[in-house]
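Residue numbers (the numbering used here), protein chains in the order written: chain B, 6 to 330; chain C, 6 to 330.
Some hints could be false.
Each pair may be met inside one copy or between any two copies, as identical chains are not told apart.
Said to hold, decoys possible - Distance condition first, Cα-Cα at most 20 angstroms in a straight line; then the derived DMTMM-like pairs of lysine to aspartate or glutamate:
(1) K81 to E71
(2) K277 to D292
(3) K10 to E196
(4) K277 to E321
(5) K199 to E8
(6) K324 to E276
(7) K76 to D108
(8) K10 to E192
(9) K280 to E321
(10) K280 to D318
(11) K81 to D70
(12) K117 to D95
(13) K116 to D40
(14) K110 to D56
(15) K52 to E41
(16) K277 to D318
(17) K280 to D292
(18) K117 to D328
(19) K97 to D163
(20) K262 to E192
(21) K72 to E8
(22) K52 to D318
(23) K52 to E321
(24) K72 to D209
(25) K21 to E82
Keep in mind the hints are simulated off the structure, nothing from the lab.
2 protein chains.
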Amino acid sequence: MSERKGTLMSVREDVKVVDATIRDGGLCNNFGFSDEFVSALFRTNVKSGIDYMEFGYRASTKMFDEKEFGKWKFCKEEDLRAIVGDNHTDLKIAVMADVGRCDYKTDFLPKKDSVIDMVRVACYIHQIPAALEMIEHLHGLGYETACNIMAVSQVSADQIQQSLQMLSQSSVDVIYLVDSYGSLYPENASELAKMYIRAVEGTDKKIGFHAHNNQNLAFANTIETMSYGLSYMDATVQGIGRGAGNCSTELLLGFLKNPKYNLYHLLIFIEKYMKPLRESGVKWGYDLQYMFTGMLNRHPREAIEFTTGNRSDYAEFYKSLHDVY
Amino acid sequence: MSERKGTLMSVREDVKVVDATIRDGGLCNNFGFSDEFVSALFRTNVKSGIDYMEFGYRASTKMFDEKEFGKWKFCKEEDLRAIVGDNHTDLKIAVMADVGRCDYKTDFLPKKDSVIDMVRVACYIHQIPAALEMIEHLHGLGYETACNIMAVSQVSADQIQQSLQMLSQSSVDVIYLVDSYGSLYPENASELAKMYIRAVEGTDKKIGFHAHNNQNLAFANTIETMSYGLSYMDATVQGIGRGAGNCSTELLLGFLKNPKYNLYHLLIFIEKYMKPLRESGVKWGYDLQYMFTGMLNRHPREAIEFTTGNRSDYAEFYKSLHDVY
Chain B
6 MSERKGTLMS VREDVKVVDA TIRDGGLCNN FGFSDEFVSA LFRTNVKSGI
56 DYMEFGYRAS TKMFDEKEFG KWKFCKEEDL RAIVGDNHTD LKIAVMADVG
106 RCDYKTDFLP KKDSVIDMVR VACYIHQIPA ALEMIEHLHG LGYETACNIM
156 AVSQVSADQI QQSLQMLSQS SVDVIYLVDS YGSLYPENAS ELAKMYIRAV
206 EGTDKKIGFH AHNNQNLAFA NTIETMSYGL SYMDATVQGI GRGAGNCSTE
256 LLLGFLKNPK YNLYHLLIFI EKYMKPLRES GVKWGYDLQY MFTGMLNRHP
306 REAIEFTTGN RSDYAEFYKS LHDVY
Chain C
6 MSERKGTLMS VREDVKVVDA TIRDGGLCNN FGFSDEFVSA LFRTNVKSGI
56 DYMEFGYRAS TKMFDEKEFG KWKFCKEEDL RAIVGDNHTD LKIAVMADVG
106 RCDYKTDFLP KKDSVIDMVR VACYIHQIPA ALEMIEHLHG LGYETACNIM
156 AVSQVSADQI QQSLQMLSQS SVDVIYLVDS YGSLYPENAS ELAKMYIRAV
206 EGTDKKIGFH AHNNQNLAFA NTIETMSYGL SYMDATVQGI GRGAGNCSTE
256 LLLGFLKNPK YNLYHLLIFI EKYMKPLRES GVKWGYDLQY MFTGMLNRHP
306 REAIEFTTGN RSDYAEFYKS LHDVY
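Next comes chain B alone, as it looks inside the complex (with noise of 0.2 angstroms):
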């Protein structure tokens, strides 16, 4: 149980790479990214051998107003489609749903009518009964389902035991480990990877893993969480993400020992899209503001407004975290 899966230099098979880029990016820019960006970075992940493409929410319109948000807010199937066609690739379409934020019984076509390939339910842990009902109607579609249980680091054990049993009972085909808040260390990343695994032994189901970058441990907690047999990684190019950002792409493909994955062509990507975007004011990525709050445990907004305030006064803003508990 306590074993790694593998070793440094072998291939693991089961592994699975999740591209989060325009999901967990769009929180940086409203989901505002051109079409020519997704349909070059859907190119770019078919040439690198990239498992899953999550290309943004399927939010609800009626709670969201289209005209405040990019189209990737709410990835229609016309949007889907004007990207991947008919998708004739090896690379699946995820999008992802949040319990409580979307219209799962309306807004979803059947499996056969749809280019997407797994829908992945969002939900904090009091929502998990709300997401067993999203993913069973999902899978009744014929989509492959994950859920991701959010913000764990604030639950208890018993808790996130709880929810597992009950996730291990019905048809989700992966739980996702999500540190949303970057303040796991990889000690405990992994031994709730154990738990989680523990919790599935005997089922077909997967684990995976998302990482915030907080405390420049996104890609260190992905690598060791795997290695104790976590199989779908989240990763995004250059750690796009919200705030401190995810586990950047090129360094989880720089690290897997799998032939399919090819760096190369995602550095091309990098230089041609990912410099400008930067240069247009795009905000991510580790800083000190993050850090305070990864290690004390809480959702980044108050970094995220020193961050949008060009700030700089790490100090008093450190001083202010401990005034307001």
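Could you slot chain C onto chain B? The hints should help.
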């Protein structure tokens, strides 16, 4: 042997934080730190609870022209005393001396006449006999001594074992595991850490770790190897150091639970001194070119040239690294 020492909540009194900002950071600016900078860092380290401060190298003035380097390449006694006086603080003073690049027989006073507490002897594996001679001489003068065996990621386990055996029978106080190329992952860094620990069992010698951040793993490798019993942990402010730099002191202090460590004063220093340093053009830190040399387990010299040349053709550079092998 394979057990972690302490928990994420416990205080490890054996842990020492070694600030190598001026020494490794000096490789980024030719040791051109102002006296004000070094003085402020000294006072900050005292307030932050740092255990050792390494001021630079004590290099041979016969081999290196004093006009071409800042004074911290040489760390003369009078220059150290200009900053620390007689050092009536709990912060210990260290300098580094490279095998073959110093005049250790003439350039070190007896400890009773020096403010230096520890001399760290840096060597490659084939220089271990020369390092041992230096260590015994410096130990005889009354100094604490450390041996930093560089570039062990390119050395066979046999050679490392033999070197550790020789060192374990010497007067050295601390042996350092050094990830010169930033090529180690938490998984193999931990295995090496356990090998070093085993080699000194039954002695009172300590093992340290010096990280490089090529793959954004400097902090992760530092806390992982520490968890298996390593205790002298190198760090630099904002990770300043050659190429991709080192483990950031602020991340390490944020992690450690010993109440003697204080992050606040370090943040004040960062605001006042590190931001202007970066703005003055001094370059360091994680970027793709360093990731490549790290994953290929190579000296970062080509990556440093890529950086100083202000290049951003990552894909071409990556390809060229494969060519030249």
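Results for each hint:
Proximity of K81 to E71 under the C-alpha cut-off of 20 angstroms is restricted to the intra-copy arrangement: shortest distance 11 angstroms within a copy versus 67 angstroms between copies. For the homomeric pair K277 and D292, the shortest alpha-carbon distance between copies (16 angstroms) is at most 20 angstroms, but the shortest distance inside one copy (24 angstroms) is not. In the homo-oligomer, the alpha carbons of K10 and E196 lie at most 20 angstroms apart both inside one protomer (14 angstroms) and across protomers (16 angstroms), since each shortest distance falls under that limit. For the homomeric pair K277 and E321, the shortest alpha-carbon distance between copies (13 angstroms) is at most 20 angstroms, but the shortest distance inside one copy (38 angstroms) is not.
With identical chains, the CA atoms of K199 and E8 are at most 20 angstroms apart both within one copy (9 angstroms) and between copies (17 angstroms). In the homo-oligomer, the alpha carbons of K324 and E276 lie at most 20 angstroms apart only across protomers (14 angstroms), although the nearest pairing inside one protomer, at 38 angstroms, exceeds that limit. In the homo-oligomer, the alpha carbons of K76 and D108 lie at most 20 angstroms apart inside one protomer (16 angstroms), although the nearest pairing across protomers, at 67 angstroms, exceeds that limit. Taking identical chains as interchangeable, the C-alpha atoms of K10 and E192 lie at most 20 angstroms apart whether they share a chain (16 angstroms) or sit on different chains (12 angstroms).
Within a single copy, K280 and E321 get their C-alpha atoms only as close as 31 angstroms, which misses the 20 angstroms cut-off; across copies the closest is 16 angstroms, which meets it. Taking the closest pair of Cα atoms, K280 and D318 come within 20 angstroms of each other only across two copies (11 angstroms); inside a single copy the shortest separation is 27 angstroms, beyond that limit. Only within a single protomer do K81 and D70 lie at most 20 angstroms apart by alpha-carbon distance; the minimum there is 14 angstroms, versus 67 angstroms between protomers. Proximity of K117 to D95 under the C-alpha cut-off of 20 angstroms is restricted to the intra-copy arrangement: shortest distance 17 angstroms within a copy versus 70 angstroms between copies.
For the identical chains of this complex, K116 and D40 are neighbours neither inside a copy (24 angstroms) nor across copies (68 angstroms), given an alpha-carbon limit of 20 angstroms. With identical chains, the CA atoms of K110 and D56 are never at most 20 angstroms apart, being 27 angstroms at best within one copy and 60 angstroms at best between copies. Taking the shortest Cα distances, K52 and E41 sit within 20 angstroms of each other inside one copy (16 angstroms), while across copies they are farther apart (52 angstroms). Within a single copy, K277 and D318 get their C-alpha atoms only as close as 33 angstroms, which misses the 20 angstroms cut-off; across copies the closest is 10 angstroms, which meets it.
In this assembly of identical chains, the alpha carbons of K280 and D292 lie at most 20 angstroms apart whether taken from the same copy (18 angstroms) or from different copies (12 angstroms). In the homo-oligomer, the alpha carbons of K117 and D328 never lie at most 20 angstroms apart, since the shortest distance is 54 angstroms inside one protomer and 47 angstroms across protomers. In this assembly of identical chains, the alpha carbons of K97 and D163 never lie at most 20 angstroms apart, being 34 angstroms within a copy and 46 angstroms across copies at closest. In this assembly of identical chains, the alpha carbons of K262 and E192 lie at most 20 angstroms apart only when taken from different copies (15 angstroms versus 24 angstroms within one copy).
Taking CA atoms no more than 20 angstroms apart as the test, K72 paired with E8 passes in neither setting, with 50 angstroms inside one copy and 56 angstroms between copies. Taking identical chains as interchangeable, the C-alpha atoms of K52 and D318 lie at most 20 angstroms apart only when they sit on different chains, with a minimum of 19 angstroms there against 43 angstroms within one chain. For the homomeric pair K52 and E321, the shortest alpha-carbon distance between copies (17 angstroms) is at most 20 angstroms, but the shortest distance inside one copy (46 angstroms) is not. In the homo-oligomer, the alpha carbons of K72 and D209 never lie at most 20 angstroms apart, since the shortest distance is 42 angstroms inside one protomer and 68 angstroms across protomers.
For the identical chains of this complex, K21 and E82 are neighbours neither inside a copy (24 angstroms) nor across copies (57 angstroms), given an alpha-carbon limit of 20 angstroms.
Violated hints, in rising order: 13, 14, 18, 19, 21, 24, 25; the structure is consistent with all others.
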